[in-house]
Amino acid sequence: MDSQSLPIITALWLGILTSVSPCPLASNIAAVSFISRDIKKKSTVLWTGASYIFGRILCYTVLGACIGASLVNVPLVSHYLQMYMPKVIGPLLVLTGVVLLDILPISFSGLVISQDRAKRLQSRGAWGALLLGGIFAFAFCPVSAALFFGSLIPLAVSNKSPLLFPFVYGLGTGLPVIAFAVAIVFGVHGVSSLFNQVTAAERFVRITTSAVLILIGLYYMAKYIFYFDLFLM
Amino acid sequence: MKTKKIALGTLFCLVLACTCAFAADNAAPKAGAEKSKATAFVTAYYFHGNFRCPTCRKMEQYSRESIELNFAQQLKSGALVFQTVNVDEPENVHFVQDYQLVTKSLVLVKYENGKQKAWKNLPAIWQKVGDQQAFYDYVKSEIAAYL
Numbered sequence: 001m002d003s004q005s006l007p008i009i010t011a012l013w014l015g016i017l018t019s020v021s022p023c024p025l026a027s028n029i030a031a032v033s034f035i036s037r038d039i040k041k042k043s044t045v046l047w048t049g050a051s052y053i054f055g056r057i058l059c060y061t062v063l064g065a066c067i068g069a070s071l072v073n074v075p076l077v078s079h080y081l082q083m084y085m086p087k088v089i090g091p092l093l094v095l096t097g098v099v100l101l102d103i104l105p106i107s108f109s110g111l112v113i114s115q116d117r118a119k120r121l122q123s124r125g126a127w128g129a130l131l132l133g134g135i136f137a138f139a140f141c142p143v144s145a146a147l148f149f150g151s152l153i154p155l156a157v158s159n160k161s162p163l164l165f166p167f168v169y170g171l172g173t174g175l176p177v178i179a180f181a182v183a184i185v186f187g188v189h190g191v192s193s194l195f196n197q198v199t200a201a202e203r204f205v206r207i208t209t210s211a212v213l214i215l216i217g218l219y220y221m222a223k224y225i226f227y228f229d230l231f232l233m
Numbered sequence: 234m235k236t237k238k239i240a241l242g243t244l245f246c247l248v249l250a251c252t253c254a255f256a257a258d259n260a261a262p263k264a265g266a267e268k269s270k271a272t273a274f275v276t277a278y279y280f281h282g283n284f285r286c287p288t289c290r291k292m293e294q295y296s297r298e299s300i301e302l303n304f305a306q307q308l309k310s311g312a313l314v315f316q317t318v319n320v321d322e323p324e325n326v327h328f329v330q331d332y333q334l335v336t337k338s339l340v341l342v343k344y345e346n347g348k349q350k351a352w353k354n355l356p357a358i359w360q361k362v363g364d365q366q367a368f369y370d371y372v373k374s375e376i377a378a379y380l
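From first to last, the protein sequence lines stand for chains A and B. Heads up: the first sequence at position 112 corresponds to 112 in the numbering used here, and the numbers run straight through without jumps. Quick note, the numbering used here runs 233 ahead of the 1-based positions in the second sequence.
Among the hints, erroneous ones may be present.
[Unchecked claim] Listed below are the simulated DSBU-like cross-link pairs for lysine-lysine, each with C-alpha atoms no more than 35 Å apart in a straight line:
#1 K373(B) x K348(B)
#2 K361(B) x K160(A)
#3 K343(B) x K160(A)
#4 K353(B) x K160(A)
#5 K291(B) x K373(B)
#6 K309(B) x K291(B)
#7 K309(B) x K361(B)
#8 K291(B) x K348(B)
#9 K160(A) x K309(B)
#10 K350(B) x K309(B)
#11 K361(B) x K291(B)
No lab work stands behind these hints, which were simulated from the structure alone.
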């Protein structure tokens, strides 16, 4: 392995480390649920997963570019992203979960999932995943802020590569989520096809997805808005 | 129809509760920084936010314990002060800029005759937090070198 590739692998590893660390775990579960909700179409899951990763990559790369060009004050950006972005996640997830259940007569572009709009589902789901990936990327918690601003950015700066390193890091943060989502979809699809129960399984997955998103949204609200002492993550 | 009304009502209550929480957040009592009576002293600041993660709590606890265990005399004489600061409180935001804080941090600040002479961030607390003794030793050696 040459000395050029080692820092890139470190950047990828930092991304994976961020994704599997305890504090973004709840948002990752929400992302896995959101991406893998449409078990009927495996290609949709792959598209949605790719959009989710792209959303994360885009945010980290733009942030890296701004830092590289000295357009932003790193400590203050880190402070305000940690202070405000996690507060957005809770209400957003609750709202997404409720909309997915088709309870509310509201249409949110990019987030609406309706069974009779199958053709538009793919592109809308992809936009929703892109948005979700971006918001989750910017919702820094103490651990992810330490890894991104404290480890990745100095690495990127020392290697004079403020775009490539955040790009690779973003890829790393999305990989475990996509791996889980794909494994779930292919697993559930395989089992349900075996028993000719794909439609029934799809309904079950959709309701479960909504429930997971609402519960995680409430968890985020309790933790980041009401500061309940939740020792889980 | 009834389900929709319940869902809308629940959402409205959640929005209201969030608004109240934000308002209460801004009206929270503010904590000021303590100062030592000694002319030359070191303050070990542990900076945190409103949201306290388990790792962050552990780092604060280990920092406090290491200081109390190894620098009891200096704490008593005022040569060393341990101070926790919530940087999410508006009057403490300047610390973020002053000490280039990107996450929860332990920072040593040297004061002489009421003026700040030097400061040092101890970023390795994030790597040492998994090993209590290594954390204690790291904080001890850094403070000993700074006093």
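(message) If you test the structure against every hint from before, which numbers come out violated?
(response) 9
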